[in-house]
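Engineer: With the hints as your guide, set chain B onto chain A.
Chains as they are written, first to last, in this note's numbering: chain A, 18 to 271; chain B, 14 to 410.
For the record, the hints were derived by calculation from the structure and aren't laboratory data. All residues carry an ideal CB built from backbone N, CA and C; glycine is no exception. Among the hints, erroneous ones may be present.
Some, not all, of what chain B presents toward chain A, calculated at C-beta under 7 Å [said to hold, decoys possible]:
#1 17
#2 21
#3 28
#4 182
#5 186
#6 228
#7 229
#8 230
#9 233
#10 235
#11 236
#12 237
#13 238
#14 239
Taking lysine-lysine and the BS3-like style, the derived pairs with C-alpha atoms no more than 30 Å apart in a straight line are [unchecked claim]:
#15 137/A - 98/A
#16 183/A - 229/B
#17 33/A - 229/B
#18 36/A - 240/A
#19 321/B - 159/A
#20 20/B - 131/A
#21 148/B - 106/B
#22 400/B - 90/A
#23 105/A - 321/B
#24 240/A - 105/A
#25 400/B - 43/A
#26 148/B - 68/B
#27 33/A - 83/A
#28 404/B - 36/A
#29 33/A - 238/A
#30 183/A - 142/A
#31 321/B - 83/A
#32 321/B - 238/A
#33 169/A - 20/B
#34 131/A - 321/B
#35 169/A - 63/B
#36 43/A - 238/A
#37 144/A - 63/B
#38 169/A - 400/B
#39 169/A - 32/A
#40 24/B - 159/A
In case you want the letters, here they are:
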Amino acid sequence: MIQVENIRKEFELTKKQQKENNTTDKVALAVDDVGFECQPGRIFSLLGPNGAGKTTTLRMLAGILKPTQGSIKINGLDIQKQANEAKKDIGFLTGSTGLYERLTANEIIEYFAKLYGVGKEDFEKRKENLYSLLGMHDFQDKRIGRLSTGMKQKVSIARTMIHDPKVVIFDEPTSGLDVITAENIIKLISDCKTQGKTVIFSSHIMSEVDLLCDDLAIIHKGKIVHRSTMQEFRENMQTNSLTAEFIRIINANN
Amino acid sequence: MIFTIFKKELKDTLRDRRTIIAMIVVPVLVFPILLGLSTSVSKYFADKQKEEVLKIAVVSDVTENQFTQRLSAIPDSLGPKELIFRGDTIGLKKEISLDSIQLAIVIPSSFDQEQAANQQSVIQVYHKGVNLGNKDRVKGYISLIEDTFLEERFQRLNLETQLLEPISEVYIDISSEKEVIGKVAGGFLPYLFIIFGFIGCMYPAIDLFTGEKERKTLETLLTTPVPRWKILIGKMMVISLSGIAAAVFALVGMFAGLRLFNIVDIPGLSAVIDGILTPSFILGLLVLLLPLTIFFAGIMIPATIYAKSFKEAQSVLTPVNFIILLPAVVGMLPNIELDYTTALIPIVNIVLATKEMVAGTIDPILLIISYVVMVTVAALSVLFSYKRFGKESNIIS
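The shape of chain A in the complex, shown without the other chains (with noise of 0.2 Å):
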C-alpha cells in the first residue's frame, strides 16, 4: 500500500536555470500538495501531460528524491525515515531505464538480489520462474551490450522483480519501446495486480490505462486536478473517448 499525503517538491534554481527559465524566483514548485492512495491488488495510474510531475512524484515514492513537505509511506513505513526497510518492498522500473552493458543478464540479476538482500533459495527459484516466464534462458549469459531492447526490457523486469517487491512503480514503462516489447510490461503490470501487490504507473497513453487501471489520477502543473476509480472516470465522462476526456480535463485546469 502506498499512502501519500500532501506532498510537495520544490527544486533550487542555479543562477543560470533561472536565466533560461526567466525568472528571478530561486526555486521550481514540481510537486504542489499531491495526496493519493494506492491500494494492494489494485493498479493505480498517474496521468499527465510531458513536465506535469509525474516521474518527481514517482522518484519521491522510489526514495530518489525527498519532498520538501509532506509524507510518504509503502506499506506503514515512512520512505524518509524508514528508508532502507522501506526500499525493500519497492520494485522500480521507468521506460528509459539503463542496464550495465558490459555485464551478463544473470550478473545483473544476482547484482540486484544481493543488494536487495535476497537469500540464495530465494533467488534462485524466483529466478527461474521469471526466467521462464520472460523466457530468458537463451540469452541469461550473454552480455547487455549485445542483447536486443526487447531483451534488455525482459531483464529489466526480472530485475526489478527479484525481490518481490509488494510495491511496484512503473514510470513510463512502455515509453519508446515497439509494441511486442510493451506488451511484456503491460502484461508484468497485469500480473502484479493477480499477484495481490500494489502497482503505481505514469503513462499518457489512455489504451494502456483503460487495459490496466483501477484507480487514476491526473496531475497536472504539480497539482492533482482529478482522482477517481477508472469506472468513475469512464461514467462520468463529458467527451466520447478517453484521449479527448483527459484532453478536456488538463484544458479546463491551465
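Structural biologist: Chain B alone, transformed into the frame defined by chain A:
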C-alpha cells in the same frame, strides 16, 4: 554490501577497454617504449656522426706545416675525416654553407716558427653552428694536437709536466649508490605515481559516476535499500585500486625496461635496482599510495557526479591533472627535502617521502606526519564526495 558493490564495479571496470588501457597497457609499456626509443635514437645519431666523414679544408700558404701533419696523423677511430688543402679562403664560406665541406681551419704561415719560439698561434675554424657535433669534433682534434705541442715545449724547456697541474685531486664518494640513485631518480618515482595514479583513477571515476548517469543506471541503483555512503565507498575502492594498479604497473614497466631488456646500459644498475626493490620498500610504497589514490578519487568523484557526459567529465578533470602535477614537480627539485614544513603539505609530502624511501634515508617521524596529513586530506575529500553524491541535482540528470 560494500563488498558486493566493490566486486560488481570491479568486474564492470575490468571489462572496460578504456580503463584496461589506462590502468595496465599504457603504464606497463610507456617506459620500455620511451627508454628504448630515446636510447636507440640517441645511439643512432651518435653512431651516424661518428661514421660521417668530415671534409676539412686546411687553409695555409705552407702545405707542410706542423699542424696539418699532426692533424693528418690523428687516427680515424676518433672519427673519419678527409683533409682538403687550400691556399686561400675564397669560396670557403659558401662551400661550408652548402655542406660540401663541413669545416675549414685557417693556419697562419708563421705557425711553425711561432711554435718553435714557444709563442701562441691563432688559428681560425670556420664551421656551421647548426650542425651540432662538428665543432666538438674539431675541438677534440685541436686539443690532441695542442697536447703534443705542449709536451714538446716542456721537453725543450726542461720542465716537468706536473707544473701544469699544481693540484691533483682524488674524490672519495662516501654516499652509497642507492643514495645517489635515490636522490637523482627518487624524485622521478613519485612523479610517475602521481601521473599514473591519477590517470588510473580517472577513467573508472568517470565510468562509475558520470557513466552511470549517462547510461541511466544510477537511478535504479539509488532505489535499492543500500545506503548511499556504501555505494560511494564501494565505487571509491575500485577507483583507488585502479589508481594503485596503474602506478604499480608503471613501476613494473619501468624496472622491466631497465632490468630485463637492459635498455639503459649503466654498470651496477641491476644491483642497485635489486637493492631498492625489497619487499618492505614495495609494501611501504603501496601504503603511501593508498591515501594518495583515495584523495584522487575523493576530488574526482564530485566532478564526475556533477558532469553530465563522459566528455564533460574529462574536460573538468584535465586541468585538475595539471594542478596535481605541480606538487610532483616540486618533489623533483633537487634541494627540497622532507622536513617538518614539507611533511605538512599534502602530495608534496608523499613525493618527498617516496624519494627518501628510495634513498633509504627516511625519518620515521616525518613519514608518520606525512602519512597522517595525507590520510586526513583523503578523508576530507571522501566527506566532500559524500556531500556531493547526496545532492539531488547532481544525481538526477
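Engineer: Give a verdict on every hint.
Structural biologist: Comparing the hints with the structure gives:
no. : hint          : result
1   : 17            : holds, 5 Å
2   : 21            : holds, 5 Å
3   : 28            : holds, 4 Å
4   : 182           : violated, 66 Å
5   : 186           : violated, 55 Å
6   : 228           : holds, 4 Å
7   : 229           : holds, 4 Å
8   : 230           : holds, 5 Å
9   : 233           : holds, 6 Å
10  : 235           : holds, 5 Å
11  : 236           : holds, 4 Å
12  : 237           : holds, 4 Å
13  : 238           : holds, 4 Å
14  : 239           : holds, 5 Å
15  : 137/A - 98/A  : holds, 29 Å
16  : 183/A - 229/B : holds, 24 Å
17  : 33/A - 229/B  : holds, 24 Å
18  : 36/A - 240/A  : holds, 25 Å
19  : 321/B - 159/A : holds, 28 Å
20  : 20/B - 131/A  : holds, 12 Å
21  : 148/B - 106/B : holds, 15 Å
22  : 400/B - 90/A  : holds, 26 Å
23  : 105/A - 321/B : holds, 29 Å
24  : 240/A - 105/A : holds, 28 Å
25  : 400/B - 43/A  : holds, 21 Å
26  : 148/B - 68/B  : holds, 13 Å
27  : 33/A - 83/A   : holds, 23 Å
28  : 404/B - 36/A  : holds, 22 Å
29  : 33/A - 238/A  : holds, 22 Å
30  : 183/A - 142/A : holds, 17 Å
31  : 321/B - 83/A  : holds, 21 Å
32  : 321/B - 238/A : holds, 26 Å
33  : 169/A - 20/B  : holds, 22 Å
34  : 131/A - 321/B : holds, 28 Å
35  : 169/A - 63/B  : violated, 67 Å
36  : 43/A - 238/A  : holds, 18 Å
37  : 144/A - 63/B  : violated, 75 Å
38  : 169/A - 400/B : violated, 33 Å
39  : 169/A - 32/A  : violated, 39 Å
40  : 24/B - 159/A  : holds, 15 Å
Against the hints set out earlier in the document, violations occur for numbers 4, 5, 35, 37, 38, 39.
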